[in-house]
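**Student:** Generate the whole structure from the sequences, applying the supplied hints.
Using UniProt numbering, read the sequence shown as starting at 1 and increasing by one per residue.
Since the hints were made in silico from the structure, they are not lab data.
Treat the numbers as computed from the prediction; the structure is a model and nothing was measured.
Any given hint might turn out to be false.
[Unchecked claim] In silico EDC-like cross-links for lysine to aspartate or glutamate, where the CA-CA straight-line distance does not exceed 16 Å: (1) Lys41 - Asp123; (2) Lys26 - Glu103; (3) Lys26 - Asp133; (4) Lys122 - Asp138; (5) Lys158 - Glu236; (6) Lys83 - Glu47; (7) Lys13 - Glu117; (8) Lys16 - Asp219; (9) Lys122 - Asp142; (10) Lys87 - Glu47; (11) Lys158 - Glu199; (12) Lys224 - Asp250; (13) Lys125 - Glu90; (14) Lys43 - Glu90; (15) Lys41 - Glu90; (16) Lys19 - Asp250; (17) Lys77 - Glu111; (18) Lys77 - Glu54; (19) Lys26 - Asp132; (20) Lys114 - Asp142; (21) Lys224 - Asp168; (22) Lys174 - Glu264; (23) Lys158 - Glu201; (24) Lys114 - Glu103; (25) Lys19 - Asp138; (26) Lys43 - Asp123.
[What the hints assert, rightly or not] Taking CB as the label site, the calculated pair distances span: (27) Asp133 - Asn242: 39 to 49 Å; (28) Asn141 - Glu47: 37 to 47 Å; (29) Glu201 - Asp142: 41 to 51 Å; (30) Gln195 - Asp275: 36 to 46 Å; (31) His134 - Asp275: 39 to 49 Å; (32) Lys125 - Met200: 51 to 61 Å.
Every residue gets a Cβ at the ideal spot worked out from N, C-alpha and C, and that includes glycine.
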Amino acid sequence: MGKIEIQKHDSVKIYKIRKTLQHLSKITGRGTELITVYIPKNKQLHEVITNLREEQGTADNIKSDLTRTHVVDSLSKVIQRLKLYKKTPERGLAIFCGALPREEGGPPGTEVVKAFEIDPPKDLKTFLYRCDDHFHVDILNDMLKDDYLIGFLAIDAKDTGWGILYGDKVEVLKETSSGVAGKHRQGGQSAKRFQKLREMELTYYFNRIAQITREYFIDIYPIKGLIISGPGPTKEEFVRDNYLEYRLQDMIISTIDASYAGSEGIREAFAKSTDILSNFRMV
1 MGKIEIQKHD
11 SVKIYKIRKT
21 LQHLSKITGR
31 GTELITVYIP
41 KNKQLHEVIT
51 NLREEQGTAD
61 NIKSDLTRTH
71 VVDSLSKVIQ
81 RLKLYKKTPE
91 RGLAIFCGAL
101 PREEGGPPGT
111 EVVKAFEIDP
121 PKDLKTFLYR
131 CDDHFHVDIL
141 NDMLKDDYLI
151 GFLAIDAKDT
161 GWGILYGDKV
171 EVLKETSSGV
181 AGKHRQGGQS
191 AKRFQKLREM
201 ELTYYFNRIA
211 QITREYFIDI
221 YPIKGLIISG
231 PGPTKEEFVR
241 DNYLEYRLQD
251 MIISTIDASY
261 AGSEGIREAF
271 AKSTDILSNF
281 RMV
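**Tutor:** In structure tokens:
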């Protein structure tokens, strides 16, 4: 595998898409008035605008005055947004638009027309227009399902780094320091007290690492597997003593000996795990 160049916003973008789709999937219209438009990357925007204007003409036949107004206004909103683009985005574009209730509530007729634009994570290949009582988000959800996310945790007693692998791209998500003092080399009671304090600091550090790992790899980026790396015995101690939540503990693919922890450790572990990941994905 060759050199990998990572755009810092990629995984953040995927997270935002997930959150937006979760929000859209919960919205229901009073009637068939919610607009979904998928525009493939090679389709001319002026063609889409022409299609939507034709749909506006068709909407005049809707019997309900309120539904007709909502559909026409939503189509106008989509057309306005499309006119802001000089050309179709590189991977295409998805737009969801509808008259949604105000946050403070209100009777029918007080809704606000809102549009949501999503730059898809992969190429859109087909044009789709729907006017329905819900937004059609399955196409984008399926794109996200295809992303086989692998988590990386590079840890030692001083530093920890978190990374994510999606497709063939790895990105460092976060790096933190432990604040744990180094090993005490003197003898006597002072050394014993120092060692006890250090063990307490390590326990706190490991618990903090476990909490952050759960937030990243369960809540934000649901992973399929986890690779833990780092120099020395710290990584084995962290795994052996079950600091990780059981779901993450069960996802561990391998522990890898490495020269570094932190962000450098993530890149090193990825370089060393090519064969491991290949075998894992074949299972």
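**Student:** Look at each hint and say if it fits the structure.
**Tutor:** Hint by hint, here is what the structure shows:
no.: 1; hint: Lys41 - Asp123; verdict: holds, 7 Å
no.: 2; hint: Lys26 - Glu103; verdict: holds, 15 Å
no.: 3; hint: Lys26 - Asp133; verdict: holds, 11 Å
no.: 4; hint: Lys122 - Asp138; verdict: holds, 14 Å
no.: 5; hint: Lys158 - Glu236; verdict: holds, 15 Å
no.: 6; hint: Lys83 - Glu47; verdict: holds, 12 Å
no.: 7; hint: Lys13 - Glu117; verdict: holds, 13 Å
no.: 8; hint: Lys16 - Asp219; verdict: holds, 13 Å
no.: 9; hint: Lys122 - Asp142; verdict: holds, 10 Å
no.: 10; hint: Lys87 - Glu47; verdict: holds, 12 Å
no.: 11; hint: Lys158 - Glu199; verdict: holds, 13 Å
no.: 12; hint: Lys224 - Asp250; verdict: holds, 10 Å
no.: 13; hint: Lys125 - Glu90; verdict: holds, 12 Å
no.: 14; hint: Lys43 - Glu90; verdict: holds, 11 Å
no.: 15; hint: Lys41 - Glu90; verdict: holds, 6 Å
no.: 16; hint: Lys19 - Asp250; verdict: violated, 26 Å
no.: 17; hint: Lys77 - Glu111; verdict: holds, 14 Å
no.: 18; hint: Lys77 - Glu54; verdict: holds, 15 Å
no.: 19; hint: Lys26 - Asp132; verdict: holds, 14 Å
no.: 20; hint: Lys114 - Asp142; verdict: violated, 24 Å
no.: 21; hint: Lys224 - Asp168; verdict: holds, 15 Å
no.: 22; hint: Lys174 - Glu264; verdict: holds, 11 Å
no.: 23; hint: Lys158 - Glu201; verdict: holds, 11 Å
no.: 24; hint: Lys114 - Glu103; verdict: holds, 12 Å
no.: 25; hint: Lys19 - Asp138; verdict: holds, 14 Å
no.: 26; hint: Lys43 - Asp123; verdict: holds, 12 Å
no.: 27; hint: Asp133 - Asn242: 39 to 49 Å; verdict: holds, 47 Å
no.: 28; hint: Asn141 - Glu47: 37 to 47 Å; verdict: violated, 26 Å
no.: 29; hint: Glu201 - Asp142: 41 to 51 Å; verdict: holds, 46 Å
no.: 30; hint: Gln195 - Asp275: 36 to 46 Å; verdict: holds, 39 Å
no.: 31; hint: His134 - Asp275: 39 to 49 Å; verdict: holds, 45 Å
no.: 32; hint: Lys125 - Met200: 51 to 61 Å; verdict: holds, 56 Å
Taken one by one, the earlier hints fail for this structure at numbers 16, 20 and 28, listed in ascending order.
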